[in-house]
Each structure stands twice: as structure tokens, then as C-alpha cells.
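Take the two lone chains and join them into the complex the hints point to.
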Amino acid sequence: MEDQLIIGGKEIKSRLFLGTGKFGDDHLIPKCIEASGAQIITVAMRRIDFHTSQENMMQYIPKDCILMPNTSGARNAEEAVRIARLGRAAGCGDWVKIEVVSDNKYLLPDNEETLKAVDTLVKEGFTVLPYMTPDLYAARRMRDAGAAAVMPFGAPIGTNKGLRTREVVQIMAEELDLPVVVDAGIGKPSEAAECMEIGAAAVLVNTAVATAGDPVRMAAAFGKAVQAGREAFLASPGAVRQYAEASSPLTGFLHEA
Amino acid sequence: MSYYDVYRKYKHFPLEDYLRKVTAADVERSLQKSCKSPLDFLTMLAPAAQSPHVLEEMAQRSKRLTEHNFGRVITLFTPLYLANICDNACVYCGFNCHNSIKRSKLTMEEVEQEGQAIRAEGIRHIIILTGESRRATPPEYLADCTRILKKYVDSICIEVYSLTEEEYRMLFQAGVDGFTMFQETYNEDLYPQLHPTGPKHDYRTRLDSPELACKAGYNTVNLGALLGLDDWRKETFLTGMHALYLIKKYPGTDCAVSLPRIRPCVGGGNYRPACNVKDIDIVQAITAYRNFLPRLAITMSTRETPDFRNHLIGLGVTKLSAGSVTEVGGHAHAPKTDGQFEISDQRNVEEMSQAIRKCGYQPVYKDWEPLRRNA
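In the order they appear, the protein sequences are chains A and B. Following my numbering, the numbering of the first sequence begins with 43 at its first residue and continues without gaps. Following my numbering, the numbering of the second sequence begins with 475 at its first residue and continues without gaps.
Extracted from the complex, chain B is given alone in its bound form (with noise of 0.2 Å):
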């Protein structure tokens, strides 16, 4: 048993003719009901859902629920980009490989000083990234670097390229402790044009690579659709299944979505996202997700502007990045490669909590106690 199977499911299901017929009505039905089902999901996803008293209850419950579950609180984490090297041809990523953007990889020297960097910035929780690159950053540089920054953090995230559950084990034994990986696209047939090269390719071990990270007993798993490579309903319905699915297979992890909407990028000159993703879809997703699945964790990235996630916080999000740089290193040295993606959000680390304390949440930059601080 796999996602996979339940993907198949839904993969014929008429998912755009379910959600056509939706009415408001419908919707606040779904919203009462103390056990949401998916099909109540899929409804509090529907264009009706959109009309202004409809979603204004969704957001009140959503505001509620959150508040409940998580208190009046959101958790800060900041990115690493350990390097940019990647084997991979992403048709809407930076990093792509055919793009000739400046390359590199930092070396241990380097990941001490970003660590010193970043605990000077108060923030304890952070996610560390790489292209896709096997050889470049093969999985016992990324345990190297894991054991320089746990001497500076508490809680070290990888998002990285698909590794063996042997392989994500011997991270956690290093002191990994949460995993973030975005299928990008959940449509199995739209997947491989845009991943037409590199060892992404391959749609079911990117599919079945979160599965792997709970085996291998990791904290939290983090799951998200690229929005606006695909419709972003069925996405976000199908991100959704996905987080039930492992949270009813693994109940001791934690589960976390992120919503990244296609940010421009160096080189992705040519590619022209499918689906036009909007505020108010934004706010649908999110408010859905926390109705659907009340303990779920909700990440925004610095892919969106200041004012669109202060306006966030209270809605729905538990966790936030700040100070965020998508180049290479960026917290101790002057980025000395291209970035990812552009970010929006540019506020550092007391910029970003002043904001969230202005809307009466109180960030916090610590949440987890590693105890495996000496393994």
C-alpha cells in the first residue's frame, strides 16, 4: 500500500465536475459537520465556497481552530541552501540544470559559519536545501553538515533530493529531524514534461519519498503541490489526501503542508505557469485545509509579499520563514550564486517577529528539544 493507490482512486474520479456542482449551501453543510470526510474537503474547495459569506465562515472556523490546536503562536524557521547544484531539468526552476547560473557548494568551514550566522539571528529551527545532486551532495555530506549545525539549532530540516530509507535513517541518526519534499505536481501525466530529465523524473519515488521519511521515524513531514503548475483545487484536494494518508498510517508525525505559488526564477524565461493561482484562492486553500484536518501544520514561505502574510498569520499558518536567502549560504557571507526563486518578503528575523506580534501572535524560534544531541 502506497499513496500511489490512493492517488489511482481519485485519479478518474471528476473531480472538476464534483466541484462545479458545489453550491454555498453545500459548503456551510460541510463546514458543520464535526468529522469532515475528503468529499467534504473537496467541497470546502469548490468555486462556491468563494462567496463572501462562505468564506468569511471558513476563515472564522479556520481562525478558531488554529488558535485551539496551535495557541496564538507561530513558529519561525529560517532556509540553508547548502548548494545549487542540480542534475535536474524543471522546466520552471531556477536551478535547472541546462541554466547557467553560478554553481556552488559550501564547504564545512562555510556551513560552520552560517550556523554561527544563524544562531546569532535567534532562530533555532531551520531547513536545509540542495539541487538535486547525488554526486555533488551525496547523503554523507549532508550528515557532515547536519553534525556542524545541531551544535547551533534544535531542529534541522532536509529538502533535498529522494533518498533510501536506509538513507534518511542515517540523517535522523545524524540529527535530522524533519523532512520537507513538494511533489510539485500531483498529475501523474503532467509531471514528466515538466520534469523531463534527472533523477527527479521519476513521479512515484518522489510520491512515495515522504512515506519513507515517516518510516524512518522523522518529527515532521512536510507535503506541498507547486501551485500553478496544475489546477490548484485538484492540488490541494490531492496534498490534502496525501497528508490523511500518512497521518492515519503514522500517527506519531507530525504532518505539515506548504502552499508555494511559482515565484519567477533566472532562466525559467520561457515557462508560463498553467493555472493562474490568486489571493483568494490562497485563502481558500489554507482555510480549508485547517477545517478538513485541525492539527495539520501550515508553512508559508517568503515566496509571498509582507502584506499578504501578515494578513495570513491568524488564518490559518503555524509556521513562517524569515530572514530567508534562496543563494547559496547568504547568512554569514554575501551570496555568491543566483537564487531559486525570487523571494517577496525580504524582513529579517525582528522585522518578521514585530509583525506577527503586531497581529497578537508571539513567534516563537524555538519548539523542539533534539535528544539525540549526541548520537
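Excised from the complex, chain A in its bound form (with noise of 0.2 Å):
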């Protein structure tokens, strides 16, 4: 059987979704996207001045990209729906990333007011991928008020503290037949091929690419970690055991006809 992603009846060509805040340099967006084969880009509405013909973060990103504007800087559910409206109707298209966030120490998402926004947007026809708390039934809820995907963070946005929620969303994996994408807190691409072996449908990274040493390289590596952990999640692993086990076993005398 074929390895589809769909979200929102679309074919994703790739599991690694990428952010644009946070570079040196707008110019090395599409160089990364390039390098990491990323399909799905976000930008914060917030950012984007569309009043100015001065040079402007959109267009470095390729036509053939798909758009995910989000919602950055919503302190509540009825802000993010202003400004996803903001976003469609300055053409840039249905899909949202819905980003509610009202404590700015850790930027932990808050699940309540993001299912509000969902439950909105849905209804206005938007594409709606929530930016969540990983949590089973707070995402379940997403899930039954159209959300496309659920995104549960890996760690606090910014941190590169790699996957920190793994349980909860490996239970989520399991649970939702929705894609979960891994948003936020991952550093590595060591840990991004972690979230993919565990289940997860895509991963979504911005801060460990654009603030590395070599931002195209290391988008570079994060595309092709999360391919292998894609294949390694469906080659199904061995399970993991106690003990060694010795390819001439001791017991194997027993089963010898």
C-alpha cells in the first residue's frame, strides 16, 4: 500500500513542515525549503506588512508551496479568527495554523480557546490545523470539530528540547486516525526522526533550522530524518528486549524435530 499523507483532501509530498520566523535572512527561506524538500511553510500574519511594496517574507516562498498562515500573537479564540480572516483575505489562501497562546513565559498553546477558533474557522471553510497541549481529549474534540490535523508540541516553542511529550503523543498517534504533526520544541533531527518512528504524520520545525550554524544543511538533514523515521515507523521495529539474544540459543535444542 502506497505511504499517503492527506490533509485537507490534499496529497502532502512531504512530512517535514517548515517555519519562516526567526531566519537571519529571508533570502535563505527558499534555499531551505529547497534543500529539506518542505511542502507545507508557515507565516506569522503578524509579520507580513501587506500595506508596502518594500520586500516582504512572501515572496521568498515558492508558488508551488502550500500556505500556512498562522495565527501568532491571538491571545484568545476570537483574535486567531480575526486574523485567519485577515490572512484569506489577503490571498493567502484557506488553510491556517490557529496559534493561541495568552502566557508569554512558555507560549503554551491553550487548548480551550483553540478549539473555539476551530470550531469557527471550520464552519468558514478554513483548512484548520490547531497548534495544541498534547492531549488526547482535548485533541479528540479538534478532531470532531473538523480540525485537518492536530499539531501537540514536541517541547516549549523555542527550546530544541526534542520530543518531551512523547507518551501523550504516542497515545495520540495511536488514538486519533488524524495526522499528528509534531509542532514545536524539536532541536535535532535525531528528534524529529523520533516523532516519526512513534507515529507521527509530519513534524514542523523553524527555530533548529533557522538559528543553526548552516540553516540550509541542517533543513537538509531535518528533510531526510524525517524520511527515515517515516520508514522505519512502517518497516515496523524489532521489539526491544532484555536481554541479548545469542543467534545460536541455548534452548533451541527443544524445538529441533
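Errors might be hidden in some of the hints.
[What the hints assert, rightly or not] Mimicking BS3-like on lysine-lysine, the simulated pairs with C-alpha atoms at most 27 Å apart in a straight line are: (1) B:K483 / A:K147; (2) A:K147 / B:K537; (3) A:K230 / A:K203; (4) B:K689 / B:K625; (5) A:K266 / A:K55; (6) B:K483 / B:K832; (7) A:K203 / B:K537; (8) B:K510 / A:K203; (9) B:K510 / B:K722; (10) B:K625 / A:K147; (11) A:K73 / B:K832.
Everything labelled a hint here was simulated from the structure, so no lab data went into it.
This is the structure:
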């Protein structure tokens, strides 16, 4: 069976999603997209100045990518909805990553407000991907409200701490029948591979690439890691055992004919 | 509960004694903790942290934390002085009401022209400033200016006299989303000597104003002490404590600090700063703030020289002013008044942007989407 990732009715070629904030130079963005193969690209609406003819981050995003505006800066559902509508009105398409944060110390998403925004925006025809605090019940409610995928964090955004929420994310991936995209906190390609190995549908990275010494090379590394992790998941790794398994077992004679 | 209750706890704490006893090893221990306490912050402000290898370690960690939390970007903003009429007699300030400088206040027509000029410069974040005179520049005047300026910019911060919570709310509705007020000095005993008369004379009113802005829903609240008025280490510690107090109580508000160093000004000839704040002190303060509060925004104004500001990019600073004038108007018109203080960095927006790019950082002109545009 072919291994397809379908979100919002579209087949997604790459299981690596890329964020565009934090780059020291926006010229790096198309290079990172190319090196990693990423197709879904998220952009903070708050950073886009649609009223200027000056250079704008949007012009660095290749036309064949799927643009996913995010609602960074929204502190409640109502603000997230307004930002999403602004993005659509400005020609950014129907995809939206909902980000509702009202704790600026750790930037942890507020699931309750996020769910309200999902509900409203799905009804308005958006393809909605909520960034969320990992929680099975909240994820089910978002699924039932029509979210196209859910995006739990691996660790607080920008921390590069890796998949600290492994247990819950794995349960979500097993239980939801909806793509689970690990978004935020992933610092190294090996951690992105780990997300994929436990069954995540995709990984979204930004800080780890944008603040790397060589962002383009790091983007390529993440692209490969995500592919490798997915392959490993599909290949069903052997069981983890407590003791080494001898290739000539001591009890083998019992089963000999 | 007010920050004053926290301040009182530290007022009689033997800060000097503590700072003197800190060793370089103590600083390194504090730096390695994943969650740093107020005393770890104080430790990082000790003289011992200026030993070269310790300060370098603080700077390296600060750079990493800043890049992870904010990215390789610097947000630019520009000040717009609406008026310089002032009822205070602050002994160190060029706007002191006893100084015979030219006073003026922009008309709505002039505000419109300034807005257009700022728009042409490209920056979408501004800070509007006045002297402290409720009668010359009442809250309604500030609201009228805001309604005009929001046509041209995306984020408007106020730096004016203390208002009531209701008035902060009214301006928020008009389109203001940021608040800046410097306590100048947290030293309660020194404060009235430096601010002998005028509305700013009351220490408590000023101390509690940032909290009122948080209550009114402002997105960013920027604090600061005017470094040089008292021991900069104590002032920095108490500013950090003020930030921590607000962050814990109002997690939805972005907290920022500035580190203004006292500058020469017209008419301020008799005042001599009590404390000489050196470049290394500013670097220590910035990196201590960053290591203590990784998500704290840090603002640097054009009081500092281009060379020093260039070096601070990457050390922890996240916001810089550009194209600054401290005279009333000045973006669209030739200045017709004297400035509040002398600025050291005269670079325009394009020159500032180039300098930021040269450091491997991206200058950001817009990082806010106003949602109350039609409010």
C-alpha cells in the first residue's frame, strides 16, 4: 500500500513542515525549502505587511508550496479568528495554523480557546491545523470539530529540547485516526526521526533550522531524518528486549524436529 | 498586592553586601541552573561576573537563548514626540519645566504629516511621547493622535505621564497596544529628591502605572530605570523583579525592559550622575536579564553610539529604535524645539537596517497585526 499523507483533501509530498520566523535573512527561506523538500510552509500573519511595496517575506515562498498562515499573537479565539480571516482576505489561501497563546513566558497554547477557533474557522471553510498542548481529549474534540490535523508540541517552542511529550503524542498518534504533526521544541534531526518512528504524520520545525550555524544544511538534514523516521515506522522495528538474543539459542534443541 | 510590596521586601535587604561576597564560581553555578531564582539574577549582577571568562559564558548563553526565543531578528521602532510641555522639574531632564527651552505640541494636521513621513520610512512600530502635562496633552489629545496614526502604523506604544486604569483602557480602545514608563530610580528615598515637583513626584503612582496598563490589556509593557541615578546593579535587580512580578501576574502581557543610560541634555548642566555606568556594565545587565528571563524583550535606544549598539545585536537585545529624533515632530518637519536628550546614534532606518543585516540579523519593521483597526 502506498504511504500517503492526506491533509485537507490534498496529498502532501513532504512530512517536514517548515516555519519562516527567526531567520537572520529571508533569502535563506527558499533555499531551506528546496534543501529539505518541505511543502507546507507556515508564516506569521503579524509579520506580513500587505500595505507596502517593500520586500516581504511572502515573495520568498515558492509558488508550489502550500502556505499555512499562523495566528501568532492571538491571545484568544476571537483574535485567532480575526487573524485567520485577514490572511484569507489578503490572498493567503484557506489553510490556517491556529496558535492561541496567552502565557508569554512558555508560549504554551490554550486548548480551550484553540478549540473555539477551530470550530468557527472550520465552519467558514478553512483547512484548520491547531497547534496544541498534547492532550487526547482536547485532540478528539478538535478532530470532531473538523480539524484537518492536530499539532501537539514536543517541548516548549524555541527550546530545542526534543520530544519531551513522547508518551502523550504516541497515544494521540495511535488513537486519533487523524494526522498528528509534532510542532515546536524539536531541536535535532534525530528527534524529528523519533517523532516519526512513534507514528507522527509529520514534524514542523523552525527554530532548529533558522538558528543553526548553516540553516540550509540543517534543513536538508531534517528532510532526510523525517523520511528515515517514517521508513522506520513503516518497517516495524523489532521488539526491544531486556537481554541480548544469541544467534545460536541455548534452548534451540527443544524445538528441533 | 502591588509591586511595592515586593520592593519593600528588598528595600532593606543588604544588596551591596550580597553582591560583594559573590564569587565567579557562584555566578557559574547560577548560570547552570535551568530555572533561575531572584537570587541567581542578583548573583549574575555581581562584580565577580565581570571576570572575562564568566562574562563571556553569560554572553554566549544569552545569545543562544535570544536566538531560540526571538530568532535572528531585531524589531525596529521609531519615536514620535507629540509635545514637550512638561509640569515636572526632574533634575536630570531637558524637559524640566524650569528650563527655558522652546515648547510645542503637534496639531492634528502635523500628526497626520508625521504619520505619513514615518510610513514612508517603512517602520510600522512607533512610540509616541509627550512631556508630562495633563493640561497641555490630555488623554483625549493622545486618543485623537492615536486614531490618526493607526492609519499609518501597526503598533503604537505610549510613553506619557501616569494615567488611570480607565484612561489606559480608553487609549487601548483608540488603538494603543504598548506602554512604556521608566521608574527612573527604584530607590524610594532618592526618588522625591530627583523629582521634586510635578505629577511625577509621587513614587507609588509611577511604580503602579505599568500594572494598570497590564490590567487594561496592553500587549507590551516596557519598564526601565534610568541608569546613572543610583547604583546600576540595584536598579537592574529591582527592574528585573518588577518584570518578574508582572510576568507572573499577567502572563498574557509581553514584558520588556530598557537600559537607558543618562545622557547630557539642555539645561541639565548642574546634574552629575551619581553612578558611572560603563559599557561592560550594560553588557552584564543585558546578559543577566536574558539568562534570568529568556523571553523578556530588551530594548535599546539611540542614546547609545552606533558602534556599541552594533555590538549589542546578538547579545540579548531584541528591539532597537531607528531614525530617532527627540524633538517634537521631526519626521516630517524640521525640528522646532530642543530635544529631551542628546542622541548618539543618528542613523536613519535604512542605515540601521544595513548594520543589522551586517551582523547576520534581520531587521523587522512589522511584527504586530492590529485587530482593533476599526474599533
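Right, here's what the structure says about each hint:
For the hint linking B:K483 to A:K147, the alpha-carbon distance of about 24 Å falls within 27 Å, and the restraint holds. Between A:K147 and B:K537, the direct Cα distance comes to roughly 18 Å. Compliance with the 27 Å bound is thereby established for this hinted pair. Between A:K230 and A:K203, the direct Cα distance comes to roughly 9 Å. Compliance with the 27 Å bound is thereby established for this hinted pair. Restraint check for B:K689 and B:K625: the C-alpha separation of about 26 Å stays at or below 27 Å, so the hint holds.
For the given pair, A:K266 sits about 13 Å from A:K55 by alpha-carbon distance, which is consistent with the 27 Å threshold. Distance restraint check for B:K483 and B:K832: the Cα-Cα separation of roughly 45 Å exceeds the 27 Å cut-off, and the hinted pair is therefore not satisfied. The suggested pairing of A:K203 with B:K537 holds, with an alpha-carbon distance near 17 Å, which does not exceed 27 Å. Among the hinted pairs, B:K510 with A:K203 is consistent with the structure: their alpha-carbon atoms are about 18 Å apart, no more than 27 Å.
A C-alpha spacing of about 14 Å is found between B:K510 and B:K722, which places the hinted pair at or below 27 Å, so the restraint holds. The hinted pair formed by B:K625 and A:K147 fails the criterion: a straight-line CA distance of about 31 Å is larger than 27 Å. For the proposed pair A:K73 and B:K832, the alpha carbon gap of about 20 Å is at most 27 Å, so the pair holds.
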